[in-house]
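Q: Quick note, the sequences are listed as chains A and B, same order.
Our numbering applies: residue 279 is where the first sequence begins, and numbers increase by one.
Our numbering applies: residue 6 is where the second sequence begins, and numbers increase by one.
A few of these clues could be false.
As the list claims (entries may be wrong) - Stretch-level coverage of chain A by chain B, calculated; a stretch enters the list once three of its residues show a Cβ under 8 Å from a Cβ in chain B:
| hint | region |
| --- | --- |
| 1 | 320-326 |
| 2 | 336-347 |
| 3 | 380-394 |
Note that these hints are calculated values from the structure, not bench results.
Virtual Cβ for every residue (Gly too), placed ideally from N, Cα, C.
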Amino acid sequence: QVQLLQSGAEVKKPGASVEVSCKASGYTFTSYALHWVRQAPGQRLEWMGWINVGNGLTSYSQNFQGRVTITRDTSANTAYMELRSLRSEDTAMYYCARRPLSGTYSFDNWGQGSLVTVSS
Amino acid sequence: DIQMTQSPSSLSASVGDRVTITCRASQGISNYLAWFQQKPGKAPESLIYSASSLQSGVPSRFSGSGSGTDFTLTISSLQPEDFATYYCQQYNFYPLTFGGGTKVEIK
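Bound-form chain B, shown alone (with noise of 0.2 Å):
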């Protein structure tokens, strides 16, 4: 299987902070790379997909890059409603699996 490794695991920010989140396959995926946001006792949502295309109606502060083991989320300023934990997810080979989650709270 192949193992998502997400770092940092949490970090503390600022409204109007840039924020980076990392996350890093354990194999080369192509561009078949998710990001999810999940708040607390709600479901998660999808952000990006092909590691960085926005889903419909995600706001253009969210941005992703990256390609084969090593990619990027990015939030350019930080607003209230972000603060939640994110998750990526490779789906270029089965089983999918996820990161272990970054949470991102309010400094």
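Next up, chain A with everything else stripped away, as it sits in the complex (with noise of 0.2 Å):
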């Protein structure tokens, strides 16, 4: 079956960074695209960007644009999203989704999440 594990829980002080990894299993990783979604605490999802894993092409929110790297290693199936110059504000959930590249679908399947906090 589908799976998405992500990796455990960070604690960061503000300025430093935080690379998240998701670790996909139980289908061809690169025929899909992942995304990456957070979500602070009472807050809505807030969508950050994704990668094309079967060409590595990347798209950013304007809210992140500079701050914010995805990666991919097809060798390990694994997905990276790294955010630099963290705030306090940055303190939330954060969780990788699948979307097939083609048709008409939206998200099918979610990482379990992974909390980064941001404390001096």
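Put the complex together from the two separate chains, hints included.
A: Below you can see the structure in the form of structure tokens.
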């Protein structure tokens, strides 16, 4: 079955960087896109960006432009999201979500989430 | 960016009730509308895509409708496991955007 297994919780200081990983299994990794979405406490879901796992092309929300980088390692079936220059407002649960590269589908599977806490 | 507005923000209902949640887009998005269910402390789960198509494994008591700017999610007979927060999402334009959520609580 499809599984997206994310890395564990992180605690970071303001100004630091964090990298969250998303390891895929149960499907052909390169046939899908992976998106990253975050949810601050009590807030709505916020889309951050995505990667076409097949060709490596990326696109990011302007809200994070310059601070976020999404990459993938096809040999490890893993995608990564790095967020830099962390501030307290970046404290949130971060999710990866799978989306087919073709068709009129949105996200069909989600990772379990990775909590990132930014605190001095 | 396209703004997604859900109503109501919360509702109380009983098991067996019919529940309807609405979602409005700030501009037309055709039928590129998805619905997700999120339970406390859990990741969202996908319910509906293309406004009205059920994800595999989703019970048939869930249905979606709409096109353009106005959409609805209906639960025909609310079950105990359906008490959760529901989010709509437009995926016609980047950045992808979500509604503010509707929390369905037990009456």
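Q: According to a criterion of three or more residues whose C-beta lies within less than 8 Å of a C-beta of chain B, is the region 380-394 of chain A covered?
A: Holds: 10 residues of the region 380-394 of chain A have a Cβ under 8 Å from chain B.
Q: Do three or more residues from the region 336-347 of chain A put their C-beta atoms closer than 8 Å to C-beta atoms of chain B?
A: As far as the region 336-347 of chain A goes, the hint holds, because 4 residues have Cβ atoms under 8 Å from chain B.
Q: Verify this for me: three or more residues of the region 320-326 of chain A with a beta carbon less than 8 Å from a beta carbon of chain B.
A: holds (count 4)
The earlier numbered hints are all upheld by this structure, with none contradicted.
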